[in-house]
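Below are the chains, spelled out letter by letter.
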Amino acid sequence: MIELREVHKAFGTREILRGLSLEVPEGTNTVIIGYSGTGKSVMLKCIVGLLQPDAGEVAVDGDVVGSMDADELVRLRGKIGYVFQSAALFDSMTVDENIALGLRRRGLGDGEIRERIDESLGVVGLGDAGEKFPSELSGGMRKRVGVARAIALKPAYILYDEPTTGLDPVTSAVMDELMVRTRDLGVTGVIVTHDMRSAFTAGDRVAMLYEGRIRQVGAAAEMRETDDPVVRQFIEGRPDATLSLRRPER
Amino acid sequence: MQRTAIAAPQWGRFVAHVGRWTLGAARALGDIATWRSHLVVQMRRLGVDSIPIALFIAVFTGIVLALLSSYIFTGASPLYFVGALVGKTVMMELGPVLTGMALAGRVGANIAAELGTMKVTEQVDALETLAYDPRSYLAVPRVLAATIMFPIVTAFAMAVGVLAGWITAVNLLDLSTQEFWKGLRQFYQFKDVWFGLVKSASFGAAVALMGCYKGLTALGGAEGVGAATTRAVVLGCESILVLDAFWALVLL
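Chains L and Z supply the protein sequences, listed in that same order. Heads up: the first sequence runs through residues 10 to 259, numbered per the numbering used here. Heads up: the second sequence runs through residues 4 to 255, numbered per the numbering used here.
Rather than coming from a laboratory, the hints here were simulated on the basis of the structure. Where is the CB? At the ideal position from N, CA and C, for every residue including glycine. Any given hint could turn out to be false.
[To be verified] Part of the chain L face toward chain Z, derived, beta carbon under 10 Å:
#, residue
1, Leu59
2, Ala79
3, Gly90
4, Tyr91
5, Phe93
6, Ala96
7, Gly139
8, Lys141
9, Arg158
Can you build the whole structure from these sequences, using the hints too?
Here it is as structure tokens:
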């Protein structure tokens, strides 16, 4: 389980997270929604140890990320896959090499690496793209390679940072399906998204991050029927004048 | 005066930050399995591919030095001193420093722009999530490659600089080959060569370190990468001048 307890994070004088607390139960897809600039990606980076909270703590399977040494961080990252918003593929490497990089770090042999590459590319429907470079792929294909790179590691958790942003509706639906299928394989997902269709298709639980804290969290069906005006406005995408005044500064 | 007072603590913080970062990179040196396979690739990219520009500079440095020394010595000292001045200056100073400056532009900018782009496109974060230390994977092979290859490129530049000086002396000045080599040999010491090569190794390390540091700490988008690249080249050149003075104080 991933737990965030009273996490604070600021960049200079700009406070992003202001006491965020959240539990991500195992075996579920938990979706984080919220306005741009409210710290959703910062939260993901705190979970994987790319950023350290200024106060509070993040724990994965009971181990506090902030107090880990370099070796423990390596072990932590061994059980977390990360799908970046921009895919963050290594542009000097082919798709195969991108996927193999993390596997090689885990000490797998060439045969097993080949198997994992084929398996993960098969799952994302890109079985014939292995020899291509990222520059030869469309945005949607790159995101799917990003997912393939994450699932090839067979992680316990996958963190998805805006996996459907910039994709056409059909490719978005393919991504949603992928995230559901990955959860069905037993992988716990944390999905940061602005895409409400994706949130309610791929998510079991939905949490709204607002002004640096979790405003509301609950099962996807409950959240859809919420009475909270801020959450409702966001889910329905209504430019309500009074509420939009409360929107945090970017 | 006030500006100096403000700038001093900023410089102190910068030096402390670079120092801590360099210590981290030194620790990353132990992760041999990560950087070993990239070393040869970087030696070719940063070193072998830099040889043409280094030789181009060396040719013209040799020509100018021969003409300049002839101008200085005519009527004052025997002309075979031309060989001595060309040899000493190319080996001890201009070979290492001019090659270092040219490579600070080429190598420092290349490293900072590449790593800066990786940083702002989250490729460096991606490396970390795959359990790699970016300093082991990206910085160590580049710094080692530059430290090894700068002296090799400089050695070629020294040889070509002296050859260019000799060809100039024989063809444009009233100097025979025997006279030129007499001057060169009379004042030559083995220290001239190793002094130049030791310096150039330190220049390579400094230029690559600045490129890696500025690249891996780049912020923002294209503008941030541009700023990091410019700063890496400037810091690389400044480091070369400081190290040049340091080695002169320590070794001469």
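Results for each hint:
1. Leu59: This interface hint holds because 5 Å falls under the 10 Å limit.
2. Ala79: This interface hint holds because 7 Å falls under the 10 Å limit.
3. Gly90: Given a least distance of 8 Å, the restraint on glycine 90 of chain L holds.
4. Tyr91: Holds, about 4 Å.
5. Phe93: With a minimum Cβ separation of about 5 Å from chain Z (threshold 10 Å), the hint on phenylalanine 93 of chain L holds.
6. Ala96: holds (9 Å)
7. Gly139: violated (18 Å)
8. Lys141: Cβ of lysine 141 of chain L sits 17 Å from chain Z, so the hint is violated.
9. Arg158: Cβ of arginine 158 of chain L sits 8 Å from chain Z, so the hint holds.
Checked against the numbered hints above, the structure violates hints 7 and 8; every other hint is satisfied.
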